[in-house]
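J.: Letter by letter, the chains look like this.
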Amino acid sequence: MKHKIFFLLTTFTILTASCAESPTPTPVPTEEPMAKPTEAPATLPPEERTLTVMTHDSFAASENVIAAFEEEYNVHVQFLEAGDTGTTVNKAILSKDSPLADVLYGVDNTFLSRALDEEVFEPYASPLLEEVPDKFELDDQNRALPVDFGDVCLNYEKAYFEENDLEPPSNLEDLLKPDYKGLVTVENPATSSPGLAFLFATIGHFGEDGYLDYWQNLVANEVKVVNDWETAYYTEFSQWGGEYPIVVSYGSSPPFEVIFAEEPLDEPPTAAVTGPGSCFRQIEFVGILTGTPNRDLAEKWIDFMLSPAFQEDIPLNMYVFPVNENAELDDTFVEHLSIPDEPATLAPSLIAEKREEWIQAWTEEVLR
Amino acid sequence: MKRVLLWLLPLTFLGLFYFYPLGSILHLSFARGEGNLGRVFWEAVASPTVRRVLGFTIWQAFLSTLLTLMIGLPGAYLFARYRFRGKSLLRALAGVPFVMPTLVVAAGFNALLGPRGWANTALMAAFDLTQPPLHFLGTLPAILIAHVFYNTTIVLRMVGDFWSHLDPRLEQAARVLGGNRWHTFREITVPLLTPAILASALLVFLFDFTSFGVILVLGGAGFATLEVEIYYQTISLFNLPMAATLSVLQLACTLALTVIYTRLASRLSRPLDLRPQEHVQRRLKTWRSRLGAGIIIALLLVLLISPLFALAARSVTQLTSSRTREGSVAPGVTLAFYRALSQNPQESLFYAPPTTALGISLGYALATVILSLALGLPAAWALARDKKSTLNQVLDPLLMLPLGTSAVTLGLGFIVSLNRPPFDLRASPWLVPLAHTLVAFPFVVRSLTPALQSIRPNLRQAAAVLGASPRQVFRHVDLPLVGRALLVAATFAFTISIGEFGATALISRPEYPTVPVVIYRFLSRPGAMNYGQALALSTILMLAAVGGMLAIERFRVADVGEF
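These protein sequence lines map, in sequence, to chains F and R.
For the first sequence, the residue numbers in this note's numbering are 1 to 368.
For the second sequence, the residue numbers in this note's numbering are 1 to 563.
Since the hints were made in silico from the structure, they are not lab data.
All values reported here derive from a predicted model rather than from experimental measurement.
Even for Gly, the Cβ is constructed at its ideal location relative to N, Cα and C.
Among the clues, some could well be false.
Residues of chain R clear of chain F, computed beta-carbon distances all greater than 10 Å [as the list claims (entries may be wrong)]:
1) N419
2) L452
3) M529
If we take Cβ atoms under 10 Å as the criterion, some of the chain R residues that face chain F in the derived model are [as the list claims (entries may be wrong)]:
4) Y232
5) R290
6) G292
7) S342
8) Q343
Chain R residues, not near chain F, derived (Cβ > 10 Å throughout) [said to hold, decoys possible]:
9) A44
10) L89
11) F185
12) L216
13) G222
14) V228
15) Y231
16) L237
17) N239
18) L319
19) E347
20) S348
21) R420
22) Y520
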């Protein structure tokens with residue numbers, strides 16, 4: 001019995017190893033006739049070209065906005081969704097020898113260093129960067145260019161605090177008050193992107209020396225941890241059927257409660273806590289993938305993404321906000337969105353260096 | 001020689017779309033590590049975290065499988081031995097959980113057992129409590145019940161369909177010879193059923209063993225399986241050597257388990273006289289059989305159907321009024337979410353109306369059914385023909401490996417391997433049915449093999465002696481006998497494909513979203529209309545799944561109906 005298993009394991013290992021090392025996949029009869037047409041000569045000038053843009057799975061845009069770009073440059077834009085942000089970055093890294101696309105959009109500041117260290121991007125100093133405030137430009141070599149930002153902030157259900165005659169929280173320290181015992185739900189930073197951003201907010205605000213104490217006190221104040229934003233927001237948050245009137249979500253969630261309300265609302269039923277240092281800002285970037293044969297088109301695409309036409313289309317499609325100062329916001333946002341003046345920040349290189357350590361320390365402190 | 005020919009197609013497929021991508025990503029991952037492979041591996045296995053995770057993974061899978069069998073076997077008996085009205089519908093409904101995305105299922109459980117769910121509200125009202133008495137989400141029972149909810153249909157179908165063809169005369173003979181009911185069951189029925197029970201238990205265990213969504217969403221932050229840990233190491237930390245080590249560990253467990261299974265199964269299976277269902281099934285006549293059937297049906301309804309019902313009910317309920325704390329406003333009924341599904345206010349590029357998404361899902365499902373049957377039938381055939389051969393003993397466990405493989409590992413494997421013409425499939429829409437087929441293929445093989453093995457060789461020989469060509473033998477002897485098993489296999493392939501999300505999310509093209517992909521798009525956004533539309537589309541997915549399964553059952557009448 002034992003040596004049989006060993007035999008099987010060896011066979012399996014040899015099989016996989018030989019597959020992995022062989023330069024071509026197992027030959028099948030169809031290989032030869034199919035290989036030739038793919039080596040077609042370069043396309044003729046008037047013919048439509050294709051630009052491939054790899055994105056995370058939250059990417060969305062209006063059809064007419066993209067169509068305008070396609071028409072102007074006689075190009076077909078092919079989008080590839082690669083999963084969540086982390087998966088997208090990993091795919092770009094693993095395929096850098098034969099890139100899947102010409103452009104990658106969707107790396108955020110929590111994954112930026114990983115992408116830059118692995119050299120997946122070529123630098124491109126777009127002229128439109130002039131319209132973007134410096135605080136968004138995190139890569140001084142312009143390999144990754146900022147496109148949009150969103151803040152991860154505490155949200156609360158207004159009705160709960162009115163009915164219970166309670167002051168809503170205004171910063172992170174408030175959550176430790178006895179009044180808020182058992183009222184807060186957050187996401188696990190190991191499995192959720194807003195959860196990780198909120199952990200970063202506490203590290204940015206309380207410092208590397210202080211954040212674990214803060215979390216220890218949060219646990220003592222009966223904070224509820226779940227694995228994903230969907231569960232926190234739609235299951236635990238009291239706005240949607242749970243018991244917790246305070247939840248970690250996005251600064252933009254309240255205006256979207258108005259836009260996607262069942263019946264028209266004058267006021268959002270929820271509000272975001274945007275006091276100094278209580279939110280963490282996620283900035284998303286675009287870059288040209290190293291080795292693209294379509295560098296000219298890729299540059300045009302990046303200019304387009306930074307132009308007001310695309311920038312103004314961002315909020316209603318992707319729930320994040322433009323970095324271009326000249327892009328104007330929809331009225332609903334002007335009215336109901338509060339953008340934090342002083343979000344907590346952490347350098348991407350520090351995040352790359354400490355991510356694992358912080359998450360593990362958090363796990364030990366909060367979950368064990 | 002002929003055996004090798006049968007294996008050619010399935011093995012080429014697995015080699016190209018499973019072993020090659022998997023080998024590539026493991027090779028690349030270990031190459032990124034420092035130090036030698038053995039040390040990386042040993043450090044991982046020796047770490048207390050990994051051991052704890054592995055221990056929990058096995059423990060919860062074991063408990064879940066046991067519970068699933070306890071619920072599934074009585075149900076299988078009912079479906080196998082009795083005819084009653086609504087049976088097809090009940091069986092199709094019991095299969096619906098299989099296609100439902102985890103987040104949506106969690107919403108269903110929450111509507112029933114959550115802090116403000118029906119059960120807690122009723123209990124609080126009845127006993128005048130201020131706090132909800134039931135805490136369900138985030139506990140081990142939530143994980144176990146969710147696994148039972150998802151996987152009972154595997155036992156119902158695989159064991160039930162095999163059982164429904166067991167010759168009842170064997171049991172009758174035992175009874176005539178003086179065996180009592182229990183004795184007959186233990187000595188005759190159970191041994192005859194064992195191959196099917198083992199096959200279904202293996203599949204259920206592997207599904208629970210590699211559980212991801214249920215653990216994350218229903219188990220919550222306190223629980224992690226190997227699959228969850230692999231995802232965390234790969235995506236969050238990009239620690240590929242560690243992720244690869246854990247993947248290999250998971251594969252080794254899968255392999256060990258399937259080797260044990262293969263040994264047991266080859267010892268226990270025997271040729272049988274399978275009988276057409278009408279000779280086997282009775283009506284529910286006595287009050288005892290009616291009572292028993294009533295209890296089993298009630299159990300299935302509560303466990304498998306009630307969360308689905310709660311979900312469907314929520315999709316037509318106004319959500320906003322339900323949050324009024326005083327309960328002053330009775331929640332109204334609305335079809336607004338269904339109407340909104342066909343609107344695209346942002347004129348979004350990747351918007352897919354529900355009919356389109358459904359069409360795409362059904363198209364992929366059809367491709368998966370055809371592909372997995374075309375590959376699974378010859379493999380099952382080869383396995384059943386000569387189960388003692390060394391080739392089969394080696395190959396059989398390998399076929400099950402895709403079920404024990406982490407989706408994120410294999411997804412990245414596609415990226416690093418299928419990257420040269422003619423196999424630059426990394427961005428091809430074909431990747432979706434190919435990935436679904438990898439999951440469906442082991443199901444097809446496991447559903448078909450017990451039926452094929454149980455055909456007496458002398459039936460075939462008799463037909464051959466009487467002048468039938470091998471094709472005629474297959475058409476007139478084998479096909480009618482395994483027709484039912486073929487339909488079970490097709491149903492599995494269909495439901496696996498239509499509900500698959502984890503792998504699909506990694507490889508699907510945004511302009512061809514499947515229904516689960518669209519559901520997740522809605523769920524990941526704030527606002528009542530988004531949540532409501534996710535529930536509405538889930539309900540549509542449920543109905544489509546029931547429709548699809550009933551349609552496959554009908555197919556039987558047209559094709560192998562004589563059986």
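J.: Taking C-beta pairs only, is R:Y520 more than 10 Å away from all of chain F?
T.: Violated, because the least Cβ-Cβ distance between R:Y520 and chain F comes to about 8 Å, which does not exceed 10 Å.
J.: Does the claim that R:E347 lies off the interface hold, with its Cβ farther than 10 Å from every Cβ of chain F?
T.: violated, 5 Å
J.: Take a quick look at R:R420 and tell me if its Cβ sits farther than 10 Å from every Cβ on chain F, holds or violated.
T.: violated, 7 Å
J.: Checking a non-interface call: every C-beta of chain F should be farther than 10 Å from the C-beta of R:S348. Is that right?
T.: Given a closest Cβ separation of 5 Å, the condition is violated.
J.: Close enough to count: is the Cβ of R:Y232 nearer than 10 Å to one in chain F?
T.: holds, 5 Å
J.: Any Cβ of chain F at or closer than 10 Å to R:N239, or is the non-interface label fine?
T.: violated, 8 Å
J.: Test the statement that R:L237 is away from the interface with chain F: the closest C-beta pair must be farther apart than 10 Å.
T.: violated, 5 Å
J.: For R:A44, which was marked as not at the interface, is the minimum beta-carbon distance to chain F over 10 Å?
T.: Holds, since 15 Å exceeds 10 Å.
J.: Measuring Cβ to Cβ, find out whether R:F185 lies farther than 10 Å from everything in chain F.
T.: Since the minimum Cβ distance to chain F is about 31 Å, R:F185 lies beyond 10 Å and the statement holds.
J.: Do the numbers back the hint for R:Q343, that is, is its least Cβ distance to chain F under 10 Å?
T.: With a minimum Cβ separation of about 12 Å from chain F (threshold 10 Å), the hint on R:Q343 is violated.
J.: When you look at the beta carbon of R:L89, is every beta carbon of chain F farther off than 10 Å?
T.: For R:L89, whose nearest Cβ neighbour in chain F is about 30 Å away, the distance exceeds 10 Å, so it holds.
J.: Would you assess whether R:V228, listed as outside the interface, keeps its beta-carbon beyond 10 Å of every beta-carbon in chain F?
T.: violated, 8 Å
Of the hints listed earlier, those the structure fails to meet are numbers 1, 3, 5, 6, 7, 8, 12, 13, 14, 15, 16, 17, 18, 19, 20, 21, 22, in rising order.
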